[in-house]
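Residue-level listing of the chains:
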Amino acid sequence: MWSFIARSLEITTIFLLASIGELLNQRGGVLNVGIEGLMLLGAASGFLTALWSGSILLGFVVGTIVGGIFGLLHGFFSITLKVDQVVSGMGIWIFAMGFTTYWADSYSGPLPKGLSPPGIGGYLSPIFFLAVALVLIVWFLLSKTHLGLKIRSVGENPSAAEATGINVARTRYLCVVVGGLSGGLAGAFLSLDYFGIWGHLLTGGMGWIALALVLFSLWRPFILFAGALIFGFVWQFSISPEAIAPGLGIPLGIIRMFPFIVTIIVLVVISTPKFRRKWGLAKPAALGEPYIKE
Amino acid sequence: MRLPRLKLEKVVALKGWGAAKVSIYSIITAFIIFSAFLLWEGANPIEAYRHIFSFAFDPRLGLVSTLHRSMFLLFATLAFILPLKAGLWNIGMEGQFYLGTVGAFAVAYAWGDLPSGALIPLMLIAAALFGAGYGVIAGFLRGKLGVNEIVVTLMLNLTAFWLIQFLIVGGPWAGIGECRSRPLPDSAVAPEIGGLPFTVFLAIAISVIFFILFTRSKVGYQIRSFGSNPSAARHVGMSPFKISVLVMAVAGAIAGLSAYHMWAGDPRFYMIPQPEAYKSIGDLTYWGIMVGLLCLLNPLAAIPVSIFVGALKVGGPVLIRRMKLPFGLDLLFLGILFLSFVAFQFFYRYRIKRVKEKR
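Quick note, the sequences are listed as chains R and B, same order. In terms of the numbering used here, the first sequence opens at residue 262 and continues consecutively. In terms of the numbering used here, the second sequence opens at residue 7 and continues consecutively.
Derived by calculation from the structure, the hints in this document are not laboratory data. No false leads were mixed into what you were given.
Now the in silico label distances, taken between C-beta atoms and shown as ranges:
| id | chain 1 | residue 1 | chain 2 | residue 2 | range |
| --- | --- | --- | --- | --- | --- |
| 1 | B | Glu198 | R | Ile522 | 35 to 41 Å |
| 2 | B | Gly200 | R | Val322 | 56 to 62 Å |
| 3 | B | Tyr227 | R | Arg431 | 38 to 44 Å |
| 4 | R | Ser314 | B | Leu67 | 39 to 45 Å |
In silico DSS-like pairs for lysine-lysine, Cα to Cα no more than 27 Å straight-line:
| id | chain 1 | residue 1 | chain 2 | residue 2 |
| --- | --- | --- | --- | --- |
| 5 | B | Lys285 | B | Lys330 |
| 6 | R | Lys535 | B | Lys150 |
| 7 | R | Lys343 | R | Lys411 |
| 8 | R | Lys539 | B | Lys150 |
| 9 | B | Lys248 | R | Lys544 |
| 10 | B | Lys150 | B | Lys248 |
C-beta atoms are modelled at their ideal positions from N, C-alpha and C, and glycine is treated no differently.
If we strip away everything but chain R, and leave its shape as in the complex, we get (with noise of 0.2 Å):
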């Protein structure tokens, strides 16, 4: 039982990482859709680095850097380009796909012995507990202090926000940039720490989730927290269901659908009109749209 949880915290950990980046920059005003995208490229990257260096640390360092460098790149497309953000976060996921298949691939396999995460008994990954102060920290850093307000405001009204002294894209840049090592990091993490495997598009669906954890949450950390928490528990539960209900007797196939369709029953509730009324419409007023000054 208790190892199911651990697990499922690794999940949490992995829809958190790659979700309060993207969180930060959609509060910035900028989507990034290819938040799978990111995952991927952390994760064979941090996966290849800790295999040819044979450190962990350096795999991980290496995987979120990466993340931050597409993410920069997104952040050159959407920003300075002012190409339309969902083409070009569909450009980095769709390249991400294409190039890790042919770059990582061939190494499919799990890790050296030596470099292998611990077993699955029972241990849980302090990454989760630096997910936990990520959150924290983007919930300080929106609420509490300038550079937040700045950030909210950029994503709001950006020529307001120019008029008052801001330096929108700088601010743009720096939310992109979060949320592109943050995304590395979470692939990072999956390739490195939950699986210790590198196998063909191993993210399988997890960075899309994450994306839609951010609609989910209402740009809030603490409800993007929540909503970690319990998809994190319903991945684990679609992977091992035998370890919450034995005997359950349903077929794999039909298990595995579980999160997808989970995601797409918790999006429906948060649009409906009765919900919308209770909480207020948070989404930042300038989502996807490139700042072009006049």
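Here the structure of chain R is known, so what remains is to put chain B in place on it, guided by the hints.
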């Protein structure tokens, strides 16, 4: 010596030839970058491209396969184009294709002893209906509640993948021994016209119908005006909800039809292969996004671009056999092409101009 001073100049959104040139430049750029990867792998790029296209267009080797895959891609592209005309991102072609598979095979297994003339139309109808039903989920939710259709269609892809996995791996449709489905009855196989399955011509016909629809019809006008300005769409006489459902239903139906084309139009299948193999065919639908964007949502331009990409897909594996290059180069090319396309988007709205120095 002085560097010329450059200035950005805003241009009105490019149209027609100007816009097409941007797509062509991004393809050329992608080929240049991809060549660098080939050189890195120790292969001569010119030689590699010669191998790819000479195999893909050789009537004795890859031509039939190329046309078959191209038309599969064309179905996926058309299913992507139509919703985006109305401003909806349908990236669920993969899921709609799987559901079309379920529909077509359910009919074939249930009434396998019917003659071809009855069975094939029934399979096509079932494939289209299942695909359409699956597409409508996203269209309905978007139209009614404003749920993000990108996330929903992707979740539906993953759901449908596991549905097929359930059906053919040890499930009700499992074949004997291997992880693949039972074979289709002989009467379900697509009849050929000039050596090609008739669905090839169906795909081309749909492209032409789409072109006429977009340029000549009232519905096409309503869809386009909704896509370019959702708030003004109320004045053109169709509710946003109806448009969302309509475009996703038609798109889903087309992606569903591609399932019949894929499995019943290629002698190597006539069944659903093991998950790894059909997954890689599902991935082919992601090219639909790329082709749709590259040809600027023009359904006629999608035909040659699809054939070009189909040739790459069919000829690509030759590099593994003949030049000992690694697996996945074709997906890498897709990624590079997409990124270079994104970068070139800039030129739709800006132009770099040299500023004349004052003497």
